[in-house]
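Protein chains: 2
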Amino acid sequence: MSIPSATEFVDQHRPAGGRRSDKRDVIVEIFLRQQGHIAADALVDLVRRHDARISRATIYRTLQWMVDAGIARRVDFGDGRFRFEHAYRHPRHFHFICKKCHSSLEFLSSDIETLIEEIAAVRGFEPDQSVLQIYGLCQGCRGGIAADRASFPTDAVFARDALRIAIATERSGREFYARAAKLTRDARGRRVFEKLATEEIDHLNRLERRYQQLLDQHPGLEQQPAFLFFKGAANGLFAAGTEELKKGVDDRKALLIGIRCERGSHRFFKRYGERFEESEGKRVFLQFADEEREHLDLLIREYRLRAPRRRRPSRDARRRRA
Amino acid sequence: MSIPSATEFVDQHRPAGGRRSDKRDVIVEIFLRQQGHIAADALVDLVRRHDARISRATIYRTLQWMVDAGIARRVDFGDGRFRFEHAYRHPRHFHFICKKCHSSLEFLSSDIETLIEEIAAVRGFEPDQSVLQIYGLCQGCRGGIAADRASFPTDAVFARDALRIAIATERSGREFYARAAKLTRDARGRRVFEKLATEEIDHLNRLERRYQQLLDQHPGLEQQPAFLFFKGAANGLFAAGTEELKKGVDDRKALLIGIRCERGSHRFFKRYGERFEESEGKRVFLQFADEEREHLDLLIREYRLRAPRRRRPSRDARRRRA
DNA sequence: CTAGGTGCAAATAATTTGCAGAGGC
DNA sequence: GCCTCTGCAAATTATTTGCACCTAG
Numbered sequence: 009m010s011i012p013s014a015t016e017f018v019d020q021h022r023p024a025g026g027r028r029s030d031k032r033d034v035i036v037e038i039f040l041r042q043q044g045h046i047a048a049d050a051l052v053d054l055v056r057r058h059d060a061r062i063s064r065a066t067i068y069r070t071l072q073w074m075v076d077a078g079i080a081r082r083v084d085f086g087d088g089r090f091r092f093e094h095a096y097r098h099p100r101h102f103h104f105i106c107k108k109c110h111s112s113l114e115f116l117s118s119d120i121e122t123l124i125e126e127i128a129a130v131r132g133f134e135p136d137q138s139v140l141q142i143y144g145l146c147q148g149c150r151g152g153i154a155a156d157r158a159s160f161p162t163d164a165v166f167a168r169d170a171l172r173i174a175i176a177t178e179r180s181g182r183e184f185y186a187r188a189a190k191l192t193r194d195a196r197g198r199r200v201f202e203k204l205a206t207e208e209i210d211h212l213n214r215l216e217r218r219y220q221q222l223l224d225q226h227p228g229l230e231q232q233p234a235f236l237f238f239k240g241a242a243n244g245l246f247a248a249g250t251e252e253l254k255k256g257v258d259d260r261k262a263l264l265i266g267i268r269c270e271r272g273s274h275r276f277f278k279r280y281g282e283r284f285e286e287s288e289g290k291r292v293f294l295q296f297a298d299e300e301r302e303h304l305d306l307l308i309r310e311y312r313l314r315a316p317r318r319r320r321p322s323r324d325a326r327r328r329r330a
Numbered sequence: 009m010s011i012p013s014a015t016e017f018v019d020q021h022r023p024a025g026g027r028r029s030d031k032r033d034v035i036v037e038i039f040l041r042q043q044g045h046i047a048a049d050a051l052v053d054l055v056r057r058h059d060a061r062i063s064r065a066t067i068y069r070t071l072q073w074m075v076d077a078g079i080a081r082r083v084d085f086g087d088g089r090f091r092f093e094h095a096y097r098h099p100r101h102f103h104f105i106c107k108k109c110h111s112s113l114e115f116l117s118s119d120i121e122t123l124i125e126e127i128a129a130v131r132g133f134e135p136d137q138s139v140l141q142i143y144g145l146c147q148g149c150r151g152g153i154a155a156d157r158a159s160f161p162t163d164a165v166f167a168r169d170a171l172r173i174a175i176a177t178e179r180s181g182r183e184f185y186a187r188a189a190k191l192t193r194d195a196r197g198r199r200v201f202e203k204l205a206t207e208e209i210d211h212l213n214r215l216e217r218r219y220q221q222l223l224d225q226h227p228g229l230e231q232q233p234a235f236l237f238f239k240g241a242a243n244g245l246f247a248a249g250t251e252e253l254k255k256g257v258d259d260r261k262a263l264l265i266g267i268r269c270e271r272g273s274h275r276f277f278k279r280y281g282e283r284f285e286e287s288e289g290k291r292v293f294l295q296f297a298d299e300e301r302e303h304l305d306l307l308i309r310e311y312r313l314r315a316p317r318r319r320r321p322s323r324d325a326r327r328r329r330a
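Chains A and B, in that order, are what the protein sequence lines are. Note that the numbering used here gives residue 304 to position 296 of the first sequence, counting from 1, and the numbers run on in steps of one. Note that the numbering used here gives residue 73 to position 65 of the second sequence, counting from 1, and the numbers run on in steps of one.
Derived by calculation from the structure, the hints in this document are not laboratory data. There could be a bad hint or two in this list.
The list makes no distinction among identical chains, and a pair is therefore deemed to hold if it is satisfied within one copy or across any two copies.
[Stated by the list, open to error] Listed next, the in silico SDA-like pairs over lysine to any residue satisfying Cα-Cα at most 25 Å (straight line):
| # | residue 1 | residue 2 |
| --- | --- | --- |
| 1 | Lys-107 | Leu-191 |
| 2 | Lys-261 | Gln-72 |
| 3 | Lys-190 | Gly-78 |
| 4 | Lys-261 | Gly-228 |
| 5 | Lys-108 | Asp-76 |
| 6 | Lys-108 | Ala-77 |
| 7 | Lys-108 | Val-75 |
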């Protein structure tokens with residue numbers, strides 16, 4: 009389950025019944041080396057520099073082949089020509105497009121995607137892919153400081169942001185459980201929350217170590233602007249639990265609240281992670297989802313072990329028995 | 009300040025130093041009669057049916073002229089040709105595009121637009137216009153019931169949705185003030201909240217009358233699917249106030265809370281209304297914004313009138329005086 | 001041997017432009 | 001009369017295709 013190399017990535021996507029060809033391999037290889045998007049014509053230039061005998065038609069055909077195979081995506085900035093960007097370690101995303109210098113910034117927003125899905129459901133539409141392009145002026149062209157166009161692999165930034173979301177989620181979980189422990193009078197319930205809080209701290213530490221590792225691997229990564237924006241993920245998950253705390257909570261109830269939170273977290277990360285092509289970021293999402301799932305299973309087992317508190321049989325029952 | 013007719017709309021947008029021409033007028037007139045979007049070629053057919061001597065080039069040139077003047081918008085569905093839609097009583101919007109039957113549904117989401125602005129600000133980008141196209145399968149092509157393609161003027165649906173948001177906001181305001189009145193122990197504070205609640209009911213009634221009027225004007229309008237989606241507007245505004253109620257509130261504090269809520273509401277509707285071309289929906293937004301502003305001013309005056317409660321001078325002060 | 005793959009040149013398709021003449025102000 | 005608008009045909013631009021040839025399996 010490790011991340012494939014570029015060659016493996018292409019091989020995985022190669023359609024059955026196709027033949028190999030040196031020229032196509034050259035074109036694909038040069039294409040995959042590109043950061044961001046490239047127009048067909050620009051790719052022709054690049055390829056020609058390498059081998060002048062490769063014709064323009066072949067390059068167009070290969071581009072089409074890559075799009076069909078899922079190796080490339082065709083994007084349209086509305087200026088009458090298509091650009092292509094590769095999918096290798098490069099999730100689908102949205103674009104800010106500068107009208108002046110024609111540069112573009114990439115980003116993704118889980119919140120926007122969630123809203124799109126909600127609205128589509130209301131209108132009975134089954135969305136398949138969304139194109140969001142925001143035209144305007146970039147920082148540089150507005151006379152501000154130009155954002156550094158250092159070409160970090162999107163994948164690394166994506167992984168970083170995925171980890172940041174995971175960390176934010178754990179933090180918010182830790183805070184919730186700590187607060188819950190303070191508020192809970194029932195001793196057993198309190199102990200459950202305390203344990204949950206400790207576990208969140210453990211998990212948080214692990215995530216933070218992994219984050220640090222990633223930063224060590226890519227010096228300067230932390231300063232890269234955000235790629236993946238999210239608000240709902242971390243904020244929404246624990247909100248529902250807060251209300252219930254007021255009613256007083258015993259150990260089983262506490263476990264139930266924990267189960268609900270972990271399940272929400274698990275689902276969000278699972279669902280979101282599944283949306284992406286193989287990449288470090290996808291792995292962060294899915295791994296975190298798995299970890300939440302494990303924790304969830306543990307809580308469920310714990311819940312089942314604790315028999316419901318014996319209640320004094322009701323007056324009716326006592327009378328009937330007598 | 010009434011809504012201009014189509015002719016007035018064109019005249020308002022006509023650039024200075026241009027000359028009139030019958031042919032162009034014909035093209036513009038036929039174009040403005042269209043619902044939804046139309047490809048240049050299709051417009052050529054339509055215009056030719058009216059006057060066969062108008063050349064293709066003139067129609068392309070007029071289309072360009074309309075886009076420059078802000079009468080038309082050019083939209084790109086990525087299939088290699090542009091479509092045009094007019095701006096007259098037709099706010100900018102997003103599209104669901106069916107990959108099978110090539111139909112399209114229009115919608116707008118204040119929440120998505122807010123998120124876009126927030127993200128743009130973080131990335132230092134100054135957004136000017138956003139293109140959001142969601143490709144997939146429409147209800148009809150999925151084998152469900154086809155949505156009725158009854159061609160309601162977008163403007164009417166937009167106005168309806170704007171009123172719905174305003175009504176939802178008032179409702180949530182009324183509920184908040186009623187709850188606040190119940191929770192407030194201080195008699196003067198309670199009376200302030202009670203008065204606010206009554207005022208909201210008045211306002212709500214007025215809005216509902218207006219809504220009914222609109223429905224009477226356009227039979228079948230209520231059944232049209234939603235065009236404008238919103239979640240944040242009504243929900244978010246009164247949330248902050250709820251926390252404060254717990255701390256106990258006197259009349260001045262109650263007024264302050266009311267002021268904050270009305271101000272939030274005013275700002276949202278003002279800002280959102282200003283984004284649109286002249287239309288019934290824009291008017292609903294701006295009028296509602298004005299009404300909130302009036303209410304706000306009233307509250308502020310009321311607040312100023314009420315002197316702060318006299319406090320017993322502190323022990324230090326008494327000692328100093330002695 | 002045969003189904004793809006490739007090169008070349010020609011075709012396409014939507015849109016734009018040069019230029020001569022028509023027409024609004 | 002001047003400057004803009006219009007019609008026609010030719011140009012442009014990015015992309016696709018027909019066809020003869022090539023080559024991997």
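Okay, the hints, checked on the actual structure:
no.	hint	in the structure
1	Lys-107 x Leu-191	neither (54 Å within a copy, 54 Å between copies)
2	Lys-261 x Gln-72	neither (56 Å within a copy, 65 Å between copies)
3	Lys-190 x Gly-78	neither (52 Å within a copy, 60 Å between copies)
4	Lys-261 x Gly-228	neither (45 Å within a copy, 49 Å between copies)
5	Lys-108 x Asp-76	between (32 Å within a copy, 17 Å between copies)
6	Lys-108 x Ala-77	between (34 Å within a copy, 20 Å between copies)
7	Lys-108 x Val-75	between (29 Å within a copy, 19 Å between copies)
When held up to the earlier numbered hints, the structure conflicts with 1, 2, 3, 4 and fits the remainder.
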